[in-house]
Every structure is written in structure tokens, then in C-alpha cells.
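Protein chains in written order, with the working numbering: chain A, 817 to 1199; chain B, -2 to 189.
Don't read these hints as lab results, they were simulated from the structure. C-beta: ideal position from N, C-alpha, C; glycine also. Worth double-checking, as some hints may not be accurate.
[As the list claims (entries may be wrong)] Here are a few chain A residues that face chain B, going by a calculated C-beta distance under 10 Å:
{"id": "1", "residue": "939"}
{"id": "2", "residue": "959"}
{"id": "3", "residue": "964"}
{"id": "4", "residue": "967"}
{"id": "5", "residue": "1151"}
[As the list claims (entries may be wrong)] So these bits of chain B aren't anywhere near chain A, every CB distance computed over 10 Å:
{"id": "6", "residue": "21"}
{"id": "7", "residue": "29"}
{"id": "8", "residue": "47"}
{"id": "9", "residue": "48"}
{"id": "10", "residue": "130"}
{"id": "11", "residue": "176"}
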Amino acid sequence: MTTLSPGANAPLAQGPLTATVSFTPVAGADLDVSAFLLGANGKVRGDADMCFFGQTLVANGAVQLSQSASGRVVFSLNLDRLDAAVEKVALTATIYENKARFAAFPHLTLSVSGGIEALIPTQGMQETALILGEFYRREDAWKFRCVAQGFAGGLEPLATHFGVEIAAPTASPPATPAPVSLSKITLDKSRASISLEKKGDGDFGEIKINLNWNRPTASGGFFSGLLGRSGGVDLDVGCLFELQDGRKGVIQALGKAFGSFDDAPYIHLMGDDRTGAVRDGEWLRINGKEWRNIRRVLVYAFIYQGVPNWNATDGVVTLFAPGQPPIEVRVSEEGGNLGCCAIALLENVAGSVKVSREVRFFQDQQKVDHAYQWGLRWSAGSK
Amino acid sequence: MAVSLSKGGNVSLSKEAPGLTAVNVGLGWDARVTDGAAFDLDASVFVLGENDKVLNDQAFVFYNNKKSACGNVEHQGDNRSGEGSGDDELVSVSLASLGAEARKLVFAVTIHEAAARNQSFGQVNKAYIRVMNKAGGTELARFDLSEDASTETAMIFGELYRHGEEWKFKAIGQGFAGGLAPLAANFGVNLA
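Please model the entire structure based on the sequences and the hints provided.
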């Protein structure tokens, strides 16, 4: 028995071989073993040079994934039957969807018939894709080398390394930025809250909160007369904030409290759309880099001008955080003649951002403050 | 035409290049392409006397002592990653000016912090040593180590030695356990 540690090589017996990868299965982390047939440039010639669960027989059977059970994967190889253009066959192990790192697999070995065993030292390994070993041509004979090197980013960088293009749905590692998603999350009565996972560095990036609403298109006539004394509605966005150090306050155009992005309270109100006609409405920006300093933020909308008729405004608050689908809360209910609507509450729960749908109506901000026990002192203002 | 040597093979440089007075010895390897700590390889030269020990401590030419006391052996510097074309490390040797007491120059390469990084020569791709005529740059001899390297963390790549009036080069490819310190001690260097 020849035991190889990483970097070591050994000659191979002539004729057909089997290569067996053994490991102790880890719950929740699937290990996939694949073989890549490589040319002199270290790349595959095409998809036909990749032997994996989706294509178990390649090169006219010269390389075959012949057995795949929990903790044991066997390849049958007939290297002498390979094209002369194939210089190397690399055996790899990847952890599906990067659910674990190789450090989680304490026993990982690759044995080749003829008495060769490669022990992969996985202790402390951050990789999620590994080149276990490689069969290679050397002076008209095939040899085997234990490699035990890989990529923390998983199958994708590994496949790129070998010149394979992986279709997106096969396995897109979470480490890479998510592609633009058309999906969005709507918080409604059936799903009233969601948490944005705590980031490793505590940085959520720029969290943008948008309030948009429809201005009635009918400029006159019977219905508009019924709907309101004045044609337009001016809906303003604002928020109550409370920082971890106990400081609290209000951000809204009324009273010209626009806040600040870079300094406390790390929340900034951009401009003021008084008609709703500006396509993207009003924006609040939260500096997600400073999220750890923020305890809670209550986003509300209030009708500054016009008669309260919330249903007609079709108001929608959307929260955009980098790398997350947008989270939407619609003001889909009737608020009577109450002029202020608490729409969404953002809370710092152990570093994550918990977003809850509120949609509760109040006479004014002071009543909101009272209902959420914020504890501010209020006086009348104008903008 | 350069002579490509296999492990243990040797070639007479004086015959390959009559009138040879100085050589450049180039050492190279490929940069790591997988994740993890990079390979940082260092070349060292031991100028040995008849007893196979260094002539003096300055005859151990390495990253902290770039030039031998006699000035005839000079390390041109360290390439930390192995990227880029050409040699990763280059050592210039003025063979004609070397004192007669210098019998042999041993070229070794060690992996920096190999144990901590769990690295060995078998994981380094395309390691080689080559000898060039300093005048004109013609390659005289070359030795590719890839197959002879395995779990070693320090390796003697090759040696230049006197054979009568000639200078010869021999491909060694011999591993040495433990790294640079025991290697240097083996050749009689007084280590701090």
C-alpha cells in the first residue's frame, strides 16, 4: 500500500483501474465527485469531458462514474483508451451549493486500485471544491498525484479553472452576488414580517426605502369632486428612529428634519415630491454600514395636503437592500379620515434587519409616537 | 542547444560553451492557481569547499545575504509569487573569478513557512532550474523537477561543480526534510 500525501505521486498499474472516494457523510451537505478530462492546457475540450452525476459515462466508457452511494463514489477508468489529447484526468469533490466547507469532512480518502491511497488533510480547509488528485501522462505511462487543493468559492471557480461553463441553475454558489432578481417579497396580512440575515461584517450597504403613490389622473368631474376638495394628495414619507445609544427623533420634510446618511442618525430623507407625479416618489436612505448603531426605525406616510383617502392613493412602501429582493408593503386598507399611516417597522434583532408590516392609521405623528412608545415631544410645524 | 537533464544527470558547461566565464542560474515555478496561501519559494546557494561545507557564513547566499564575501555569487532577488514570464529567481555566478577553494555551488529552494501552510514541492507546478551563459543568455542546461518533487519542503535543485579544469552542472532533485535551517546547518552554516 502506497499512501500519498498532497503533492506526492505514484506510478499506476497497467489496465483498467477503479478510483474510490470515501468519506463520512455530513448531514445537509451533499458531496459530489466528478472527473474532468483535461488537455495539455489544463482545460476540458468541451462538456463531454466532464464525468459527473449528470453524465456518468464519457470518452466511450474510458471514464465512468460507476457507483455513487452515501460516503462512497467509485470511478472506473481505462486510461489507455483515452485520446492522446487527454493529458490528465482530475478527480474532484464539491460540496453541493457550498453548504459546508471541507473542514466538515474529517475523513476523505481517494484510493486507486493497485494499492494507492491518498489521504486528504481536510483539517481547517475553507475550500468547498477540491481537486482530490489527478491521473497524468508521464513518459508514455500514467501516474497518479495527490493534489488536495481547491477553491473556497465552490464548483463555479473549479469549473472555470478547468474551462467548463456551468449553466446557472446547476449550482450557483451563494458566495457570488445574486443575479438581478425579478421577484419581490410582499408583506401582507399572511406574511407580516421578514428578516434580512445578519451580514458577517455587519454591513447591509445602502438600504433605500421608497414611498410611491398614484396621483389621480382625472383632473375634474364628478368623481374627483366626490373624492376630494382639492385634486392632488401630497403624501410624505417620514420615520421615527431610535439609536442604540438611546437617541431618538423624527425624520420628515415637515420641520425640515432631513437627517444625515454619514452621521447619526444614519438616515437621510431625499427631497420632497409634493405631487406624486415624480416617477419614483420619495426616498429614505438608511446607512446599512451603521445598522449596528440603530435600534429601530418606524416608516410612516402622512397626508400633508388633501383629504385622507388612503385607498385612492395606492401608496406603496418598498425597501431595497443590496443583494435582497425588494420588500413591499402596500397601503391597501382604508384609514378613514386619519392622516398618518405607520407602514413598516425595521428593528435591529441581534444584528439582522427585521422588517414588519404595520399599516396602522393614526390622526398624526404624535399619536404614532405614543402608540409605539417612542417618547418624543411634538409641536406643530410647517414646511 | 540546451541539455535537458533528468535527475542525477550532468553536463559539462565548459564543453557546452567554451570560454565560459560567468553563468546566470534561473529557478522558476508556477504560481498557485487554487485558493489558499500562496507558495513563497526562496532560492539559496551554498558555496562549498573540499569538505562539502560552506567556505564561510557569507558563502551562504540567500534572501538575507544577497552576495557572497568574494562578490562572485549574487542573488538577484526574490519574486514572491512566481507570476510573470521568465525566471522567478536568478543567481549570477562569476565562475572565472571564483577562488580555487570554491569546489561546488549547491542550489536549493525552500518553501517559506511550508509546515504552517501545509505545502510541499509536489504541489508546486513546473519547478525547474536552468543554467545560462551570462554572455548572450544562451541556455546551457535545464532540469525540470516536477516529477521528482513530492512531499519535500526543501530541495536541492542542482549543483555547479569543478571537474578538473571544467565546470559541470548536475541535476539533483533531492529533498531535504525540515526546511532551510537544517539544510544550512548541514552545509556548516553557523545559524543564529
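Against the structure, the hints:
no.: 1; hint: 939; in the structure: holds (9 Å)
no.: 2; hint: 959; in the structure: holds (8 Å)
no.: 3; hint: 964; in the structure: holds (8 Å)
no.: 4; hint: 967; in the structure: holds (5 Å)
no.: 5; hint: 1151; in the structure: violated (55 Å)
no.: 6; hint: 21; in the structure: holds (28 Å)
no.: 7; hint: 29; in the structure: violated (8 Å)
no.: 8; hint: 47; in the structure: holds (35 Å)
no.: 9; hint: 48; in the structure: holds (33 Å)
no.: 10; hint: 130; in the structure: holds (29 Å)
no.: 11; hint: 176; in the structure: holds (15 Å)
Checked against the numbered hints given earlier, the structure breaks hints 5 and 7 and satisfies all the rest.
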